[in-house]
Structures are given as C-alpha cells and as structure tokens.
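Participant: Chain A is fixed; fit chain B onto it per the hints.
2 protein chains.
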Amino acid sequence: MDRLSATFSALADPTRRAILARLALGETSVTELAEPFEMSMPAVSKHLKVLEKAGLIVRGREAQWRPCRIEAQALKPVDEWLENYRRLWEQRFDRLDAYLQELQAQEKTGRKKAPGKKARPIRKK
Amino acid sequence: MDRLSATFSALADPTRRAILARLALGETSVTELAEPFEMSMPAVSKHLKVLEKAGLIVRGREAQWRPCRIEAQALKPVDEWLENYRRLWEQRFDRLDAYLQELQAQEKTGRKKAPGKKARPIRKK
Numbered sequence: 638m639d640r641l642s643a644t645f646s647a648l649a650d651p652t653r654r655a656i657l658a659r660l661a662l663g664e665t666s667v668t669e670l671a672e673p674f675e676m677s678m679p680a681v682s683k684h685l686k687v688l689e690k691a692g693l694i695v696r697g698r699e700a701q702w703r704p705c706r707i708e709a710q711a712l713k714p715v716d717e718w719l720e721n722y723r724r725l726w727e728q729r730f731d732r733l734d735a736y737l738q739e740l741q742a743q744e745k746t747g748r749k750k751a752p753g754k755k756a757r758p759i760r761k762k
Numbered sequence: 638m639d640r641l642s643a644t645f646s647a648l649a650d651p652t653r654r655a656i657l658a659r660l661a662l663g664e665t666s667v668t669e670l671a672e673p674f675e676m677s678m679p680a681v682s683k684h685l686k687v688l689e690k691a692g693l694i695v696r697g698r699e700a701q702w703r704p705c706r707i708e709a710q711a712l713k714p715v716d717e718w719l720e721n722y723r724r725l726w727e728q729r730f731d732r733l734d735a736y737l738q739e740l741q742a743q744e745k746t747g748r749k750k751a752p753g754k755k756a757r758p759i760r761k762k
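Chains A and B, in that order, give the protein sequences. Going by the working numbering, the first residue of the first sequence is number 638, and it counts up by one from there. Going by the working numbering, the first residue of the second sequence is number 638, and it counts up by one from there.
Pulled out of the complex, with its shape left as it was, chain A reads as follows:
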C-alpha cells in the first residue's frame, strides 16, 4: 500500500482517531492508553500497530515502559493532499453565500425575480 493510502486507512477508525487525540496531549503507556477505551490489551495493541505502520505514532524502546508518542507530521501529506480541494469547497461556499445574500435582498425589497433571471444554480462549473 502506498504511504498516503496507509495513512488514510489508519485514520478510518474512530478508536484509532481517539488514540491519536489522547496522544496529542502527551506520550503515554499502552496500559494508560487502553483504560478509557474499555478494550482488551490485544485489541489496543492491534490498533497501535496499524498507527505505527502508518508512521502516525512511535513507541519507545524501554523494555518496562514502551511509551507511545504521536508523530503529527505524518499527517502533513494529508493536509497537502487536501490543499488541492480546499479551493473547490471554498468556491462552493462563496456561491452559497452569494445566493443567500440574493435571497435576503429579495426579501427586503419584497420583489421576486422573473423566472428567467433565477440565481445561478449552486453547482460546480
């Protein structure tokens, strides 16, 4: 699997996202991490392995205490990928905004536009 697919795949699970949210507050042991999830340790370990493989977390080497730490910069490629689409949804919201303003203006004046002069449909060009 390519790296970006592995990242998206690792994020496609609410427990794994909750683990990342917890680790964003600071590194912690697996035992501590498992507590709020009411999950078995093997189940938590399985999730951690997916996150580790995707480079989203790293685990300490200490034998007694293997703290988990988030590697937030592994999310940067997701942000960069999103960048190409940000423009599209912003355009869409700009058009929605314009349409709502037009509706409000019509309400104010109490006039309705002729059917031939309807607002531009809200869809991608």
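In case anyone wonders, no lab produced these hints; they're calculated from the structure. Some hints could be false.
Same chains, same label: a pair holds when it works inside one copy or across any pair of copies.
Here are the simulated SDA-like pairs of lysine to any residue, each with C-alpha atoms no more than 25 Å apart in a straight line [unchecked claim]: (1) Lys683 to Arg659; (2) Lys690 to Gln741; (3) Lys713 to Ala735; (4) Lys745 to Ala658; (5) Lys745 to Phe674; (6) Lys690 to Ala661; (7) Lys690 to Ala671; (8) Lys683 to Trp718.
Facilitator: Same frame as chain A, but now just chain B:
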C-alpha cells in the same frame, strides 16, 4: 461506519484519489472517467460507489448520461479534524528550525557547546 471513517476509508485508495483529482477539473461520464485508468467498467463503478457512499461524489439522474461530480465540501470534516493536529506538526517544525539555526550559529562561531548545554531534544513535550 461513522461518516468521518467512511470518508477516510474512501480516500485510502490511489485510484479513488485519482478519480477525485479528475473530477476536480469538471464533471464527466463514467466512460470518460474509466479511460485513463485502463480498468474495466465494473471496477470503476465499484470505486464510484465507495466515493458516492462517502458523499464525495454525486451522480446525475439522466438515464443516458450519468455524469459524476465531486462534492469537495465532503472533505471539509477531514480538514477540521486535521486542524487539531496542525498545531503539533508546526510546533515540531518550529523546534527543528530552532535547532538548525543553533547548529548554523555554532558553525559560524566555530565553538561547540558544553555537553550539558545541548540543544533541546526534538520531541513532543
């Protein structure tokens, strides 16, 4: 599956991301969409169904020509989710920056710091 997981799951495939990239340029028919991928129509249809289920594309209702259109605003929740982590990777890059500047400064002066005065290790607080 929750909505955000469905979105991440749909994005965890290079072909589906390539389809979205194509649709970002404008709506198109499934036939046209399938061409550059050298895939069978059923294979493309399967990918489209995953994208449609995640709300990332919509398909026209015309019987003859069912154009596919990207719904970029379905990516907004991904962007909002990322927001909580952006701070973390920026912090990390800020620290890397500070460390590199320190190294360059050391090179300039030709001095080396005493072992007790090493640069702060690059890791999360």
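Participant: Can you tell me if Lys683 and Arg659 fall within 25 Å by alpha carbon in one copy, between copies, both or neither?
Facilitator: Cα proximity of Lys683 and Arg659: one copy only (17 Å, versus 35 Å across).
Participant: Measure nothing new, just compare the shortest in-copy and cross-copy C-alpha distances for Lys690 and Gln741 to 25 Å and report within, between, both or neither.
Facilitator: Answer is neither: 52 Å inside a copy and 34 Å across each miss the 25 Å cutoff.
Participant: Up to 25 Å between alpha-carbons, please classify Lys690 paired with Ala661: within, between, both or neither.
Facilitator: within (18 Å within a copy, 30 Å between copies)
Participant: Is the C-alpha distance from Lys690 to Ala671 at most 25 Å within one copy, between copies, in both cases, or in neither?
Facilitator: within (19 Å within a copy, 32 Å between copies)
Participant: Using 25 Å as the alpha-carbon threshold, which applies to Lys683 and Trp718: within, between, both, or neither?
Facilitator: So Lys683 and Trp718 pass the 25 Å test across copies only (23 Å; inside, 27 Å).
Participant: How do Lys713 and Ala735 come out at 25 Å by Cα distance, when the copy is not named: within, between, both, or neither?
Facilitator: between (32 Å within a copy, 20 Å between copies)
Participant: Is the C-alpha distance from Lys745 to Ala658 at most 25 Å within one copy, between copies, in both cases, or in neither?
Facilitator: neither (46 Å within a copy, 41 Å between copies)
Participant: Indicate which option fits the pair Lys745, Phe674 if close means a Cα-Cα distance not exceeding 25 Å: within, between, both or neither.
Facilitator: So Lys745 and Phe674 fail the 25 Å test inside a copy (53 Å) and across (52 Å) alike.
In the structure shown, a violation is registered for the earlier hints numbered 2, 4, 5, in ascending order.
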